[in-house]
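Participant: Each protein sequence line maps, in turn, to chains A and B.
Numbering-wise (this note's numbering), the first sequence opens with residue 2 and increments by one.
Numbering-wise (this note's numbering), the second sequence opens with residue 177 and increments by one.
If you are wondering where the hints come from, they were derived from the structure by calculation, not from laboratory data.
Fair warning: there could be bad hints in the mix.
Listed next, the stretches of chain A that the computed footprint assigns to chain B, with coverage defined by at least 3 CB atoms under 8 Å from CB atoms of chain B [unchecked claim]: (1) 14-26; (2) 83-93; (3) 141-151; (4) 230-241; (5) 259-267.
Every beta carbon over 10 Å from chain A, so not counted as near; a handful from chain B, in silico [said to hold, decoys possible]: (6) Arg-301; (7) Glu-334; (8) Gln-450; (9) Val-453; (10) Gln-484; (11) Ala-515; (12) Glu-572; (13) Glu-610; (14) Glu-620; (15) Gly-625.
Because the structure is a prediction, the values reported are computed rather than measured.
Note that the Cβ used here is the ideal one computed from N, Cα and C, for glycine as well.
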Amino acid sequence: MSRSLPNRLTPYLFLLPALLFMATFTLYPLLSVAYLSFTEYDILTPPQPVGLENYRELLGDAIFWLSLRNSFTYLLVTPVIIVLAIALAIVVNRRIPGIGIFRALYYIPVITGSVAIGIAWQFLFDGSGGPVNGALLALGLIEKPIVFLTEPRFTLPIAMLMTTWMGVGYYMVVFLAGLQAIPEDLYDAARIDGCNDIQKHWYVSVPGLRPSIVFVAVISSLSALKVFDEIYVLTNGTGGILNSGSTMVFYLWKQAFRLQNVGYASAVAMVLLVITLAFSIGNVRLLERRED
Amino acid sequence: MNTKRTFALPVLLLTALALVLSACGAAQTPAAPPEPQVVTQVVVQTEVVEVEKPVEVVVTPTPGPNPEAVISDVEEGAEITFWTFYLSPTFDEYIKSTIARFNESYPGVTVKWEDRQATLQEEFRNSLAAGNAPDVVNVPTGWVQEFAQKGQLLNMSEALPQEVQAQYFPDLFNQVNVGGASYQVPWYQAVDGYLVNTQVISAAGYTLEDLPTTFDEQKQFCLDFKERSGIPCGLRMATDNLLQTIAYEGGVEVMNEDGSAFTFDSPEAVQWLQDYVDLMNAEAIHRDIVLLNAADDRIGLERFTAGQMPFYVTGPQLIRVVRESNPGLYGYLAMVPRAVGRSGALPPVSMSIVVAQDTPYPRASAALATFFSNPQSMLEFAKIVQIFPSTPASFEDPFFTQKPVAIEDQIRPIAREIISSQKNILPEIPNQAEVNEVVRQAIEAALFGGVDPQTALTDAVTQANELIQ
Chain A
2 MSRSLPNRLT PYLFLLPALL FMATFTLYPL LSVAYLSFTE YDILTPPQPV
52 GLENYRELLG DAIFWLSLRN SFTYLLVTPV IIVLAIALAI VVNRRIPGIG
102 IFRALYYIPV ITGSVAIGIA WQFLFDGSGG PVNGALLALG LIEKPIVFLT
152 EPRFTLPIAM LMTTWMGVGY YMVVFLAGLQ AIPEDLYDAA RIDGCNDIQK
202 HWYVSVPGLR PSIVFVAVIS SLSALKVFDE IYVLTNGTGG ILNSGSTMVF
252 YLWKQAFRLQ NVGYASAVAM VLLVITLAFS IGNVRLLERR ED
Chain B
177 MNTKRTFALP VLLLTALALV LSACGAAQTP AAPPEPQVVT QVVVQTEVVE
227 VEKPVEVVVT PTPGPNPEAV ISDVEEGAEI TFWTFYLSPT FDEYIKSTIA
277 RFNESYPGVT VKWEDRQATL QEEFRNSLAA GNAPDVVNVP TGWVQEFAQK
327 GQLLNMSEAL PQEVQAQYFP DLFNQVNVGG ASYQVPWYQA VDGYLVNTQV
377 ISAAGYTLED LPTTFDEQKQ FCLDFKERSG IPCGLRMATD NLLQTIAYEG
427 GVEVMNEDGS AFTFDSPEAV QWLQDYVDLM NAEAIHRDIV LLNAADDRIG
477 LERFTAGQMP FYVTGPQLIR VVRESNPGLY GYLAMVPRAV GRSGALPPVS
527 MSIVVAQDTP YPRASAALAT FFSNPQSMLE FAKIVQIFPS TPASFEDPFF
577 TQKPVAIEDQ IRPIAREIIS SQKNILPEIP NQAEVNEVVR QAIEAALFGG
627 VDPQTALTDA VTQANELIQ
């Protein structure tokens with residue numbers, strides 16, 4: 002018996018508010034950016050269609066390619082943050098007095114503003130009196146202070162280190178929840194089978210955390226591709242000496258809001274969209290296949 | 177008995193009246209008329225003689241036109257929005273009292289004042305795009321060109337009468353030249369000088385008299401100072417407009433005469449960049465300060481406050497920041513004029529007031545812009561903070577000739593001389609933001625990337641010329 006029209010429409014009516022919301026705040030801006038990427042637009046004057054000119058220009062733009070390379074380099078944060086977060090989760094997954102304090106301490110960077118953290122990290126790596134220079138000098142590893150943030154080779158690694166430090170607490174909580182869902186019997190069985198502590202975690206904890214690892218891998222790699230705050234704060238909004246810290250999102254921000262090339266910035270955004278989309282799909286498929 | 181007395185009194189009165197009347201009748205009996213006689217009498221006669229003679233008297237003047245109401249035909253019932261930049265809450269009282277005075281001069285105009293901070297530029301740009309821009313806006317002068325070139329601002333050269341334009345220093349009124357016109361009125365000015373740490377320089381055997389007065393002396397001073405004390409100088413370029421730094425410090429013509437091509441790879445420009453490379457290689461300047469954005473001035477000031485540089489180029493208005501961070505240093509501070517570049521000119525350090533081109537109240541908006549920047553308003557502002565007027569008349573006040581007491585005021589007696597000599601020597605730069613980015617990359621390549629200054633600047637000129645074709 003076929004359903005009546007009102008019955009068939011009912012599910013769509015329930016979906017309508019969410020669809021309207023998404024259409025207004027996701028689909029419309031997305032289509033606008035796609036349109037603007039084919040125009041020359043500076044916010045103050047109406048967009049002028051330029052066809053594929055922005056995309057053609059991207060191909061010959063050395064700073065765009067550098068930013069793209071930096072964004073991919075930034076993905077190295079993902080495996081590092083996963084390993085550190087799992088290790089931390091294992092460490093704090095114990096029933097000992099005061100463990101809650103440690104869990105909270107590791108989580109503090111997550112809830113601290115990135116600007117405040119950026120200023121603190123600027124101080125850490127300061128070339129005239131920063132603690133990192135102080136330590137290196139005390140250890141005799143350097144003869145004179147290094148002005149880290151004016152050395153192009155250090156800008157990106159420092160930003161990546163900062164991202165890792167800021168994010169590890171959040172992912173630790175995700176893995177902690179995953180660990181607590183693993184039945185204790187499995188650890189008992191592993192112990193009976195003769196596993197030591199490391200083997201126990203390698204053969205029980207890590208496989209048990211696979212859904213969490215998939216989640217963290219996707220989320221953290223997307224965050225790495227979209228990194229902006231760390232670069233902005235550490236380089237005082239310049240992208241670093243010789244654009245050494247410029248990433249895709251930073252570059253599109255600079256083009257749009259510093260140089261008023263909104264059309265060109267939209268083209269960068271579309272390229273980023275394609276990359277992140279492909280990356281997310283690939284990431285999920287790969288990990289799902291492993292799970293099968 | 178009573179009846180008798182009542183009757184007797186009228187009788188008595190009537191009898192007395194009859195006697196009096198009979199006597200009068202005897203005096204008016206007709207007789208011969210007297211002969212008229214001429215007699216001499218002395219009388220007092222007053223004569224009024226009008227003589228014009230100047231005398232000083234105290235009078236209460238009749239109310240007349242308000243001298244501060246210099247714009248005529250202001251739109252009746254105008255409601256205008258005024259955005260300021262980083263002035264609230266410190267200067268709320270001043271702004272409100274000035275608006276109150278404005279309302280006395282231009283009754284019927286309503287002003288809605290809002291202060292904007294770090295996001296002003298983006299907000300103003302977006303509001304212009306959305307068609308709901310404020311009527312009057314206070315912006316750093318460096319931002320004016322972008323908005324003027326895109327036709328978003330009112331042409332002040334046309335909107336203001338000549339006598340109103342003449343209230344400003346001419347080089348300040350015309351400091352942003354777009355198509356031969358001014359699109360701003362100059363508001364408060366700063367005077368950048370050397371903020372000196374006398375402890376640091378005296379420890380190295382220097383006095384205030386030894387400080388450099390020219391760009392060439394500055395280079396030598398920094399090299400010598402580094403060698404003698406190990407402390408680098410805190411030189412910083414104008415990163416928002418690097419061509420300005422090249423032009424003023426290096427005496428460089430940045431464009432050709434007709435403005436069709438850039439020329440900042442000339443021998444003078446290469447020499448200027450080479451000077452900085454020499455200073456950098458000798459570690460005589462701070463690597464992380466030289467290209468610091470103006471918005472991050474705090475970093476330079478922190479370094480200065482920590483005693484890590486002999487002087488820092490900044491305005492007296494920022495001494496309070498040093499004082500708050502390190503009160504003990506305050507007594508060792510001095511403020512002296514900074515070195516003048518090879519151009520011999522000093523760049524203006526200005527705040528401007530602009531009016532949106534599409535305002536429905538252009539006359540009321542122009543009235544507010546000129547009112548806040550008139551001599552009286554400027555003088556009152558200068559009395560509460562270390563800024564300087566853009567109006568020569570304000571400097572006639574004894575306030576500017578008083579002997580300075582505080583360190584912040586040391587430049588005040590010579591402020592007029594400095595401000596009157598400030599002028600923009602740059603031509604109108606098309607596509608300024610992108611050109612500036614190209615120049616920045618060239619300077620970074622030479623200072624940090626080991627690229628030869630000539631190569632860096634020639635490459636930059638090629639790229640910049642592509643941007644304006």
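Participant: So which hints don't hold here, by number, going up?
Facilitator: 1, 2, 6, 10, 13, 14, 15
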